[in-house]
Amino acid sequence: MKKIPFFFLLLLTFTSCKKFLDVNTSPNNPPNVPVSTILPTTTIGLAFANSNDLNRATSALVQHIAGVANQTLAYDVYNLDGSFDNQWNGEIYGNTLNDLQIIIDQHGTTSPVYAGIAKLQMAYVYSIATDIWGEVPYSQAAQGTKFLFPRFDKQEDIYQGNAALGITSLFDLVKSGLLDLAKTPNAFTPGVDDLVYKGDLAKWARMGNTLLLKFAIHISNRNPTLATSTIASVIAGNNYINSNALDFEVPFSVTVGNQNAIYNFNNVNRPQDQMLSARLLALSRSLNDTIRLSKFFTKPLIPGGITGTPTFVAFDNGSAAAVPTLSIAVGQTQYYLRSKYGIHLTGAAEPLTSATPGGATPIRILTNAQVQFILAESALILGTPGVANTYYQAGITASMQKVGMTPVEIANYFATNPLVVTLAGTTEQQRQQIITQKYMSWIGNGIEAYNDYRRTGYPVLTLVNNPAGDNPNVIPTRLPYTITELSSNPNAPKPRPKTDVKLWFAK
Amino acid sequence: MRKLTLTLSALFVLLISGFSQKTITGVVVGSGNSLPIPGVSVISGKAGAKTDASGRYSISVANDATQITFSAVGYSSQTVSIGSQTTFNIVLQQENIELREVVVTALGIARDKRSLGYASQNIKGDELANRGEVNIANALQGKVAGVNITSASGGAGSSVNINIRGISSFTGSNQPLFVIDGIPISNDVDRTNSGPNGTLGDNQPANRALDIDMNNVESINILKGPAAAALYGSRASAGALIITTKRGGNAKGKAEIIFNSNYSFQDVFGLPKVQNEYGQGAGGVFNPASNNSFGPRFGSAPSITNGLIIGGQPVQNYRAYPDNINEFFRQGTTAENNITLNTGDAVRNQTLSIGNVSQKGILYGTHLKRTDVRIGANAPLGERMKIGVSLTYTNTVQQGTLGGNNSGLATLLGLARNIDLTSYRVNGTWKNNTGNNNYLIAGVENPYFAQFENPLTSNLNRFIGHINVSYDLYKWLNISYRLGGDMYTDRRKQVFAITSGRVPLGNIREEMFFRNEINGDLIIRATRNNLFHTALSVTGLVGQNINQRKFQNIAVQADQLAANGFFNTTNGSVFTVGSAETSSLRRLVGYYGQVSFNYNNYAFLELTGRADQSSTLPVEKNTYFYPSANISLVFTDAFRIKSNLFSYGKIRASYAKVGRDADPYLLNNVFVNPGFGNNVASVGFPFGTVGGFGASSRLSDTIPLSPEFKTSYEAGINLQFFKNRVSLDVTYYNEKAESQILNLTVPPSSGFRTYTTNIGELTNKGIEITASATVIQTRNFTWDLSANFTKQKSMVVSIAPGVDNSAIPGSAFTGSIPSFKVGYPYGVIIGGLIPRAPDGQRLINPSTGTYQPTVAGGVLADPNPEYQFGVTNTLNYKGFSLGCTFDFTKGGQILSFTAASYKARGALDITAVDREQPHILPGVIADGTGKYRPNNIQISGQTYWSTGMGGLQSEFNVFDATVFHLRELTLGYNIPADIVKRSKLSAIRFGIFARNVFYVAPNSPIDPQLNTQGAGNIRGLDLQGTPNARSIGANLKITL
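Sequence order for the protein chains is A and B.
Numbering of the first sequence is given in our numbering, commencing with residue 301 and proceeding in unit increments.
Numbering of the second sequence is given in our numbering, commencing with residue 5 and proceeding in unit increments.
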């Protein structure tokens, strides 16, 4: 009420109007923030993009999981249209790429190391986008008013660059980031705000070189020359992720709001939606690899939930059969009766109940196992330095160590399964072995398994039961563009490509 | 000496009376509403005068004059004898209410309706109060032309959407401005974020018009177009509801006490019809963990195959519980009492009113309680000054529960036919002994658990007051200042107990909303009669307006509760999700002027202009001007063509332009606390101890924002026949809103979601008709009929270059997004459509026999009705009066998640028809050569209903919203005056009433007049909210 005299005063002195009206500065949101508050956002963003809905869809498409309810069920049988808006809008372009662009634009000059990290992260996030959708906004994307309606760049231009169109290749983006990491002086340098490497720039350099390996193997079908030279050069530099301790993985915690998306979805919000695919179970059994599988997926205690024999309970993708019962109540606790994502992915220990806490496992983006398999494949098909079988076995070992198998279990596996752990046969057969093992190591990261599947055709997957979608006769080779982008961007391809149209890098 | 003095005095008096004049003054008011009448002829002999805008007159009469006559069109003339008295306050009796109606227009200015060049409709408070409705917006349903009113749900205090003449702003508020006694008040809806679903399916807290006690309302004048509201400026560009509260005092100057009371019962109605032949399960096999009714037929012989023998024992009580859904609801009650004490007369008066509403909702655990106290007084302060004050305090307490995804209502709506919920309620066993959700299906929320354990309460304290000082500087010049304030604090608490469907780990949110609006108007009015010509009079007005609005929201959210049953934020272990503060401040300074010409009381011209300066626009563009003009001609008077058959005719036309400012803080790019994900998985900041910021998804324009403008043309005609017994009022309007300030949806690949800019064009055209007739009028019996008709059509002409559609801001599910799309009316819902063959038949997937997957981006539903009409009949016989209001809406569509879940879950009646027979979906199969053959693939009834016709966002769950509502029935009886007098009372009126008596919606399984998102621009969605309620009750009014 003390405003009242003020009002009367104003009535008499109209001159104070200007000041009276000068109240349009937001008390809610800052116009500028320190760069150390943006890097955590983009880091969590890229991990969330990797592990949320895109991961669920691709994990269903590569038949790691079977979707049995809601959206995951739709993905399982190739009903993909109308989905992934949240991923495109709020995990890739919004919240992540735009903030990375802000780091580069606003802080690149004063703190080049931040720009360096941002460029590496940016290259990774754009690779998710183009690997999933093919032609995507890239050179004009995430720059706000500069390009309100970004152009869609071809996948070959995104990977290889196109000077005429002003497109920097992902390789050059990474290299530019690596150069930035070495620049001085820096007004600010990352520390605790670097959630992954705590400001250790040497590790970021390894991450960048590993990205080069990943990109190179992606384009090996189309541009073997560039792939070979890139891989050879990274091997020569010997500065890449070559131990599990160096893996590029984003940490999460058990705290609500900080849990990893895999746990948050599977154990908290949507426990009924997905479970182990019977096809992955069959493959795993054929490789005698169920100890590793039991780290990725739970083995419920059946019957009785807590007293029975641990058994995998899987579901055949797309089957019209009844889905196994979700859970059983024993006392006040619901015990899950399906094989769901296990401790390696969710951090939730068995026996798994509706109240088992978890979510503290990191989201693994670039791993030592992946690198070993890339080098094995490259040695095999591109003739890059090193022995394919050595890398192959290092990859299997790295994966088994990573999931928590004991040295005894690993040694025992190698001893009893010589045919599995040794490359043999034609180049193509060896490649199948490599990619199959890589596929096993990527359970929980469907995006990478899906990339390799489309690039090499391995492992051999068959259509799900009751397929639908754009073309029920093939496993989708890309995801459909999202509704919001299609309807708001005049530069989006219309009609959108069907999901059976192969990407440039695909086999 | 003394004698001499007396003689001189007598002589002096004689001299004066012989040679001079005396001045007589007073105020002329109308009977009924006690409002001053301007322009009344005051004649005494050769002397003449007219009353000014506030009804005051001053006339110099010869000392020997004996009489003064007061006359005005539409009123009976009145002649008074002059004695020694020099002040005469006159009450003129209205001849005919239609002919001479004084209405309160913009800025609280009382005007003769005859002189208005634009449409407005006046509703008496008594037509709204005491009918069991708590929200004034609901009470207006069906009674006003051009106004569309829909409730969010039948829940206690749920939000109500009002649109006058459709929607004209793409993303701004399209709710009319509520003005009480000249003071704009808040009708905002403050939403509480309902866990991971945002505001989708929240319990829709009330729009704040709920706080208005209808017992205090004298009348509401509904200003429909910009012309009417031009002087209010931008905020009334969606129309205005000008509420005039009752003044203390009456023409007789006698004190009175009025006691109003009503009590009513509410029952759920409008639930879809269910089948009672099949129970829980799938594929004809019983499954106790199923949410669906696709199990075996009731009465089937138990077998292991059909699942009715489990562990060697037959399943007990496998039978239909036909009322298992409607018995979930209870009978609600509403008790309302109001006592008003009035004293004084038309000029000096006081009023005190105390009201209370106590409503028990039809859902357990829900209620609404409102208490209001109002004091008001008007008094002259000396000869020239008048002062009026009023202050209302309201306390509103509301408790509701959630609807929508993962809520208890979602469990209930479509409940399997053999599940009996009674025991959960009777025994209170919706939770187990650890306080956790207890239901026979794991992972599903017990509906009673939701009702009793997950409430959202709101406790609001509100003050609305004003002080009005008016000073007559000259007889023809009046200066007034009106200062008003509206301030409320709404304290909220939302609880999600551990194991609730939406937030399994539990969550408590303590939240505070604060709004404060201060509004000041300086108004200088001048009246000049006989300008240039005796027949021409002019009224002029200049004014200045200052308005300030403050908002603050503070929330503390505690997640991951430690123990169930203890609902205090200290019970949480995480406080970083959702805890936030938001505040805003906006100011506006406006200058306005109006000049009105009246020629011979039959031709009228009015011009207005207003210039605003707003704090929310860039400094270089924050001042904007907009004019309006209206003209009207009472041609029956002008051309003297009145007859008994054709008694009155007026034509009118208006043009108006209204400017509008932006919301606060849209001029800069900012950073926000980032969050990823939605209700299925999410992550937020701080991350551990590391804080984070990210760019806001909204971009600011690089070109400074300009104010937006809406232009309106309106023309109308009023006709009255048979000595004014029949009247007709037709209005046509054409509005265009351009360069709107809009948070445009931009391609997300730009890194941002919206872009604030001036863009787009939206048009609205429509016809409104109101008609009324006194069908029968005898000494004891009258039958009055009034009807209104509305047809309006909006069109999104353009948005931005390259932009075909944009989402309406607010919560929506991907796949059914309320949008505006070029070439369509505003608000269409965009979603996936099943692909069709060239002949329009739907395509079938040959491998499954179900429809091909939908293609995203089609127009799924259009919520805009084709036309609406409402009719009110009032029959009076001696002391009895019988009223009946019905309304009819033709067309429009609703996407019903409620109907979808009944259907896809096999609970809807039609899903049982030939359930066990093979079903074939209507459609065709493409044979791959460009030809199509009819679908002949047999599928099960379950697949037909749950996959084929199912899907929450399917085109099969879009229904035609054509509906007929018998909205209101009232029967009142005024106890005859002689009986009343014996009991020393003034009047007793007793009545019974029913609201929402029944509805007929031929093409919809639910009442399509629900709008889950309540007040706002999103319409046509039913997201599993509370069904409608029917109300039956009685009222009593006693006047002492």
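What the hints contain is simulated information worked out from the structure, not anything from laboratory work.
Since the model is a prediction, treat every value here as computed from it, not as a measurement.
In this text, a Cβ means the ideal position worked out from N, Cα and C, and glycines have one as well.
One thing to keep in mind: the hints can contain errors.
Unchecked claim - Reference listing, derived: stretches of chain A covered by chain B, where coverage requires no fewer than 3 residues with Cβ under 8 Å from a Cβ of chain B: (1) 325-335; (2) 385-395; (3) 447-453; (4) 500-506; (5) 513-526; (6) 535-545; (7) 574-588.
Unchecked claim - So the derived label-pair ranges between C-beta atoms look like this: (8) 560(B) x 487(A): 53 to 63 Å; (9) 842(B) x 590(A): 45 to 55 Å; (10) 566(B) x 760(A): 43 to 53 Å; (11) 410(A) x 293(B): 54 to 64 Å; (12) 487(A) x 667(B): 27 to 37 Å; (13) 560(B) x 711(A): 25 to 35 Å; (14) 590(A) x 438(B): 35 to 45 Å; (15) 760(A) x 316(B): 25 to 35 Å; (16) 693(B) x 798(A): 45 to 55 Å.
Q) Taking a Cβ-Cβ distance under 8 Å as contact, does the stretch 574-588 of chain A have three or more residues in contact with chain B? A) violated (count 0)
Q. Do three or more residues from the stretch 535-545 of chain A put their C-beta atoms closer than 8 Å to C-beta atoms of chain B?
A. Result for this restraint: violated, n = 0.
Q: Verify the coverage statement for the stretch 500-506 of chain A against chain B, using a C-beta to C-beta distance below 8 Å and requiring 3 or more qualifying residues.
A: violated (count 0)
Q.
Quick check on a hinted range of 25 to 35 Å for residue 760(A) and residue 316(B), using CB atoms only.
A. At roughly 45 Å between Cβ atoms, residue 316(B) and residue 760(A) fall outside 25 to 35 Å, so the hint is violated.
**Q.** C-beta pair residue 560(B), residue 487(A): status relative to the range 53 to 63 Å that was hinted
**A.** violated (36 Å)
Q) Does the Cβ distance between residue 842(B) and residue 590(A) fall inside 45 to 55 Å? A) Given a distance of about 53 Å, which is inside 45 to 55 Å, the answer is holds.
Q) Is the hinted range of 25 to 35 Å satisfied by the C-beta distance from residue 560(B) to residue 711(A)? A) violated (54 Å)
(Q) Three residues or more, CB to CB closer than 8 Å: is that satisfied between the stretch 447-453 of chain A and chain B? (A) Since 4 is at least three, the answer is holds.
Q.
Within 45 to 55 Å: is that where the Cβ-Cβ distance between residue 693(B) and residue 798(A) falls?
A. Holds, since residue 693(B) and residue 798(A) (Cβ atoms, about 47 Å apart) stay within the stated range.
Q. Quick check: the stretch 325-335 of chain A, covered by chain B? Criterion 3+ residues, Cβ under 8 Å.
A. As far as the stretch 325-335 of chain A goes, the hint holds, because 9 residues have Cβ atoms under 8 Å from chain B.
**Q.** Supplied distance hint 27 to 37 Å, evaluated on CB atoms of residue 487(A) and residue 667(B)
**A.** Since the Cβ atoms of residue 487(A) and residue 667(B) sit about 35 Å apart, the hinted range of 27 to 37 Å holds.
Q: Kindly confirm whether 43 to 53 Å is satisfied by the beta carbon distance between residue 566(B) and residue 760(A).
A: The hinted range 43 to 53 Å holds for residue 566(B) and residue 760(A), with Cβ atoms some 50 Å apart.
This entry does not satisfy hints 4, 5, 6, 7, 8, 13, 15, going by the numbered hints stated previously.
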